[in-house]
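Top to bottom, those sequences are chains A and B.
Residues 1 to 196 in my numbering are what the first sequence lists, from first letter to last.
Residues 1 to 434 in my numbering are what the second sequence lists, from first letter to last.
To be clear, the hints were calculated from the coordinates, so they are not data collected in a lab.
Just so you know, not all the hints are guaranteed correct.
Unchecked claim - Computed cross-link-like contacts, DSS-like style, restricted to lysine-lysine with a CA-CA straight-line distance of at most 30 Å: (1) A:LYS46 x B:LYS225; (2) B:LYS344 x A:LYS168; (3) A:LYS46 x B:LYS344; (4) B:LYS50 x B:LYS225; (5) A:LYS26 x A:LYS64.
Only a predicted model underlies this, so the values are computations on that prediction, with no experimental measurement involved.
The lines below spell out each chain.
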Amino acid sequence: MTSNDAVLIQKSKQGDVHSFELLISKYQVYAYNIAWRMLGNEEDAKDATQETLIKVFKGLDKFKENSEFSTWLYTITVNTCRDQLRKRKKVMTLSVDDTEEKVSIQLVAEESADPAVRLEQKEVAGQLLSALGKIPEFQKTAVLLRDVYGFSYEEIGAIENCSVGTVKSRISRGRHGLRSIILNERSNKIQEGGTI
Amino acid sequence: MLNTCSIDHLHDYLERENYEMEPRALAEVEAHLEQCSDCRSYLEDLTLLKGELAAMPLKALPDGFEEELHARLVEEANVKLVSKSSRISNFTHSTSFKVLSGIAAVLIIAIVVVGTAGNPLRNLLSKAKSEEASIDMAMGGAPAPAEMPAASMDRDGTVVFEESMNNAKGFGETQSAPVEPGAAPGSSDVFDPSLFGKMIIRNGSVSLEVEEFDTAYTQIEEIVKALEGYIESADTYSTPIYDNNGRRGDLQGGTVSLRIPSTRFDAAMQQIKTLGTVTHSNISSYDVTENYVDTQSRIKNLEARELRLRELLQRAEVIEDIMEIDLQLANVRTEIDSLNAIIKSYDKSLQMSSIQVSLNEKPLSESTITTLDDNLFDRMRANFIRSINAVVQMFQTILVGLVAILPFLLIFGAVLYLVLRFVRKFLRNRKQSL
């Protein structure tokens with residue numbers, strides 16, 4: 001945590017709204033993006049981020065200053081989004097396009113994807129969002145935090161409150177699942193006679 | 001072929017630039033990759049996937065996000081302030097209860113002594129009466145027993161005020177005062193950060209005790225208008241005050257958040273402090289020069305990069321190149337927007353200082369002079385009866401509590417009896433076997 005953050009935290013604890021706004025200015029875009037990827041639409045992401053930031057402001061007294069503020073903020077972001085997902089009582093896809101089929105599938109077994117078939121850049125770019133919505137939620141969050149937002153294993157462990165081993169396992173299973181889903185969809189298209 | 005073990009190793013291999021692999025494991029994976037084309041393909045897929053994930057652009061905050069959040073935060077800050085005051089009030093309330101209990105005990109002893117000693121103490125009290133009569137009490141009404149022993153305390157406005165707050169049942173309903181729309185500072189005083197060597201954000205807070213809340217609030221409005229600032233938010237509340245005769249009235253209070261041009265911050269603080277008795281004042285300033293300059297240079301660099309990318313985009317012919325450049329342009333623009341938001345936030349704080357004013361009304365002074373022995377014994381008797389009632393009430397509460405937990409006690413007793421019986425039987429058997 002930077003010394004500037006420490007000063008801003010102290011002032012925010014005293015109810016100084018401006019200090020708090022300065023403090024979160026670096027992190028709120030990331031918090032919003034995490035929420036957006038987890039919840040799948042802008043409106044919910046905006047609500048969840050605002051709720052998170054208000055919770056952070058209200059709970060600053062509970063923040064232990066020897067820990068990293070950003071990690072604490074992202075932990076609350078992830079937990080707030082999980083609460084929202086729980087409230088929905090159904091699995092959401094990550095797709096921005098809501099017309100996509102909202103299904104949760106278990107990780108496709110390795111055997112279903114022919115290892116000889118390779119991914120191609122254009123199909124990965126097109127199908128990634130939809131595939132992210134189809135892998136289990138904990139794997140998806142771990143992959144998002146690591147590969148999209150560049151958090152370290154240790155930071156993800158702190159955010160998710162789990163060991164580095166678990167984080168690595170979730171990430172590798174998540175990536176594996178993404179690859180399998182994209183390959184499966186590709187082979188389905190081939191069977192339907194479409195072009196890749 | 002691919003099994004869970006080798007998959008994990010391939011993911012470790014993928015991350016080897018950030019997390020160093022053990023040399024032996026690294027050598028094993030590299031050796032395996034040379035032989036196994038499937039694993040090589042798998043690794044290439046993962047690399048492509050990771051690259052695509054990393055290239056996902058950051059989405060900018062939606063329009064109005066910061067304004068909406070600001071309004072909610074100000075609301076929360078006020079709630080926080082009121083609940084803190086409420087906690088302090090509860091604390092002093094419980095503290096005064098302990099003091100009252102002590103005084104009640106002393107009074108019981110005093111009554112017993114008065115009953116037995118008679119005239120000498122009466123003479124002493126009548127002497128005290130003539131001294132007391134000359135004191136112009138700052139606060140009217142019958143004071144609480146705690147105020148009795150020290151007349152000097154009664155003359156201290158603050159102490160008297162706090163004691164009366166202890167009697168309050170809690171804060172009244174919060175109501176919003178009209179908030180003036182922000183008036184921009186005059187052009188002559190517009191803050192230009194680049195003109196200053198140091199960029200220092202200054203904020204302040206003042207707590208005042210005032211005679212009349214409404215008058216003080218109007219005066220604040222006038223000060224704010226004169227200094228070309230604006231009232232950001234205002235909250236008022238009323239606190240009922242009680243004495244022996246019941247509710248005596250209400251005390252108005254409130255918190256007002258002001259935004260004043262930073263060049264007039266000192267003048268504003270000085271003028272506000274003249275509106276009443278200052279009970280707390282705080283000025284904070286912090287230097288944001290380094291961060292500001294750093295953020296500005298990052299924006300300049302990114303803008304230069306954006307320009308270069310646009311030039312490249314015009315020259316690009318292959319679709320894949322155009323898509324790649326477009327993606328990078330989106331990332332750069334998002335980052336520029338995010339940094340601009342930070343600069344905007346700094347500018348706002350540098351241009352307009354924030355001042356939190358907390359206003360609390362002093363209790364109404366009543367200039368009535370009360371003689372000592374006219375109502376002293378009445379008050380002693382009344383308080384004695386009140387103490388007795390409190391004791392009776394306490395025993396009643398304990399009795400009700402005991403009856404309430406009786407079923408649990410019975411169950412607990414039965415379990416305890418069975419356990420003891422079992423233990424005793426066990427010990428007896430053991431002794432016999434020995």
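Hint check:
In summary, the hint linking LYS46 (chain A) to LYS225 (chain B) is not supported, as the alpha carbons are separated by about 35 Å, beyond the 30 Å threshold. Using a Cα cut-off of 30 Å, the hinted pair LYS344 (chain B) and LYS168 (chain A) is violated, with the two alpha carbons roughly 39 Å apart. Note on LYS46 (chain A) and LYS344 (chain B): the hinted pairing holds, with a Cα-Cα distance of about 20 Å set against a maximum of 30 Å. With a CA separation close to 57 Å, the supplied pair LYS50 (chain B) and LYS225 (chain B) exceeds the 30 Å bound.
Between LYS26 (chain A) and LYS64 (chain A), the direct Cα distance comes to roughly 20 Å. Compliance with the 30 Å bound is thereby established for this hinted pair.
In the structure shown, a violation is registered for the earlier hints numbered 1, 2, 4, in ascending order.
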